[in-house]
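K.L.:
Residue numbers (my numbering), protein chains in the order written: chain A, 1 to 163; chain B, 1001 to 1461.
Honestly, I wouldn't trust all of these hints.
As the list claims (entries may be wrong) - Each pair of labels, with its calculated beta carbon distance range: (1) A/H150 x B/T1264: 30 to 40 Å; (2) A/P113 x B/A1420: 27 to 37 Å; (3) A/H149 x B/G1261: 46 to 56 Å; (4) B/R1444 x A/A153: 54 to 64 Å; (5) A/G138 x B/Q1457: 46 to 56 Å.
To be verified - Sample of chain B residues at the chain A side, in silico, Cβ under 7 Å: (6) V1015; (7) F1025; (8) I1028; (9) R1031; (10) S1182; (11) V1329.
Said to hold, decoys possible - Calculated lysine to any residue pairs in the SDA-like style (CA-CA distance at most 25 Å, straight line): (12) A/K115 x B/S1206; (13) A/K115 x B/V1015; (14) A/K76 x B/T1397; (15) A/K115 x A/K145; (16) A/K76 x A/R106; (17) A/K76 x B/V1015; (18) A/K115 x B/T1397; (19) B/K1417 x B/D1390; (20) A/K115 x A/T135.
Calculated directly from the structure, the hints in this document are not laboratory data.
We put the beta carbon where it would ideally sit given N, CA and C, even for glycine.
What follows is each chain in one-letter form.
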Amino acid sequence: MVQLRSGDREAAEELFNACYPRLAGWCRRLVDDDETAHEIASEAFTRLLSRWSKLDNPQSYLYMIATNLVRDHWRKTSRERRAIKTFTASTPEEPAWHQSEDVDVRALIEELPPKLRSAFLLHYYAGFGVKEVATMLGRPEGTVKADLHHARARLKAAVGEHA
Amino acid sequence: MSDHDPIDDWLSTDVELLSPVPGTFDRIHRRARRRKALTATTTALGAAVVIAAAVVLPQAVPGLLPGHATIPSKIVDSSKPSPSGHHEQTKRPKPPAFAGPASLSPPAQSSIAGSDYRPPSGFAATSVTFISGEIGAALGDATGDKAACKDSSCTAIAGTSDYGQSWFAIDAPPAGPPDGSSGVSQVRFLNGSYGWAYGPQLFATSDGGATWTQVEGLPGRVIDLATVNGRAYAVVAVCGGQGRDFAADCTSFALYSSPAGSGTWRQVRGAAAHLPVKPGALQLTDTNGYLLAGPVLYAGSSSGGSWAAVKISSGTVPSCLDGRGRQAVAGESGVLAPVNPGSSLYLSCQSATGEPVIYQSADGGQSWQSDGRAGLAGLITSLAVAPASDTLVAATTSGLYYSADGRTWHQASVSGKLPAGGFSFAGLTTEYQGVAVPAGSAVRRIYITSDGGQTWQAASI
């Protein structure tokens, strides 16, 4: 683990070079947009560096912040989608455009309850162990395990509905 | 059911790396340094700057009642549709897309901690506030910037980390400029995180201005707001003013308070009346709070608890106050300036055409002394005392003045041509640093002092 020290720009740059591409790629996978992914990854690093000397596990912090920012982004785009849906519902003349018939896993994860979604993303997607996720989320390991189980079950059920 | 599990497929696909664009680390590093500096910043009193020149005319109409029951307010997500019956919430122009390398969209919002985006070119400030000798923010109208506002009116916020020498864009609440009971015109920050945009509507931020939520439920227009000790105090008034004069014709008021970040606003007991009140009437120090409403001075703790009207116990009664069986002189109004820390106060009393008289109190307004007319030209619009010194500055409709003791006043040197109509505000953030704002509803330049108010240099926003 990179040890952070106050004012240590070299270590910060080292961490940035090592983590940014994967973090930004992780964000892009979740938000499906390069520019937004860069914005989220940059903001996560900004928050990390502004707390430079106070963190034991910067990588966990990065992904935790990014998860929250992704959640905010989803919340915002969800509102926009609802608004568009409301608008288009009143103009039935235009034929609806359908995306791929494939199951949109990202959309399903987005619909998970926040408690399950954070654990799911951090464990299955960002690759953190159950113990680490429990520390990051401030929950007991058993609770995190149960959340992961419930998340998977919900997703499988959702896939069944969409199939 | 098929063996194909799209969840597993999705999870097992490797993340494709996304390389940063050149310069990303430098940009992030700069932003982080600014935010880190902000974290260490404590609240600076006397730094709030108000550009407000609304005329207040005493007029008795029903409104807030003294001892009005506490009306809980709530913070609502500004992006949600407003509930019916709240006509003040119907106008929600979109925030401007700031001129810059690219328009910002959440979640990478711009906060007082800094951004790489410039304020809109048509930005005209209506309020400036500083939380330290470096960091501050200005709220204003960006309606003139067609690129930023398109076809609607909108508000913009600019931040500075070098005491007004340069400015960057901060995300603004989704409100237009003041128009009767809607819009915002003023901004205050408690620190780098908590801030409020108000006048007459109220919005709050807990992330340095990156996101704003509207506060609803307060029974009137928010015409003044000040912050200290982790709290915000707001003067909620019933006013008849229209358009940009939202704080004109205010006939009754109630003081409300909210712990920063709580979203709960409660009425402060003992500070509500059928009295006229105007912007700038509320003044807070580390220990005390003061509110001048018509001819009555209210005071209380700035950390919570009840307030009460101050009774003048002995000595001189300032001409703009009621006291000891004597009514204020008709047509006289006052401007307050508390000394921080302590219970000392300065009060300027003046009629629309007369010379100002400045009074001093060492006991929170219970007794007053004065040396007579101060010799300042014009109508005093703002009075401020420097923290940790006896230096005072005054803004008038004729210029800027300074004094080392509140008795002897000198006209300050102002760079360039004096603004028409003089100044609406002068304040000192530190013993030496201060800001003055020309009169007018929207300005594109402010004046900065670095010698305790003796000389002022123009700075563009």
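K.L.:
Can you list which hints this structure breaks, lowest number first?
P.N.:
2, 3, 10, 11, 14, 18 and 19
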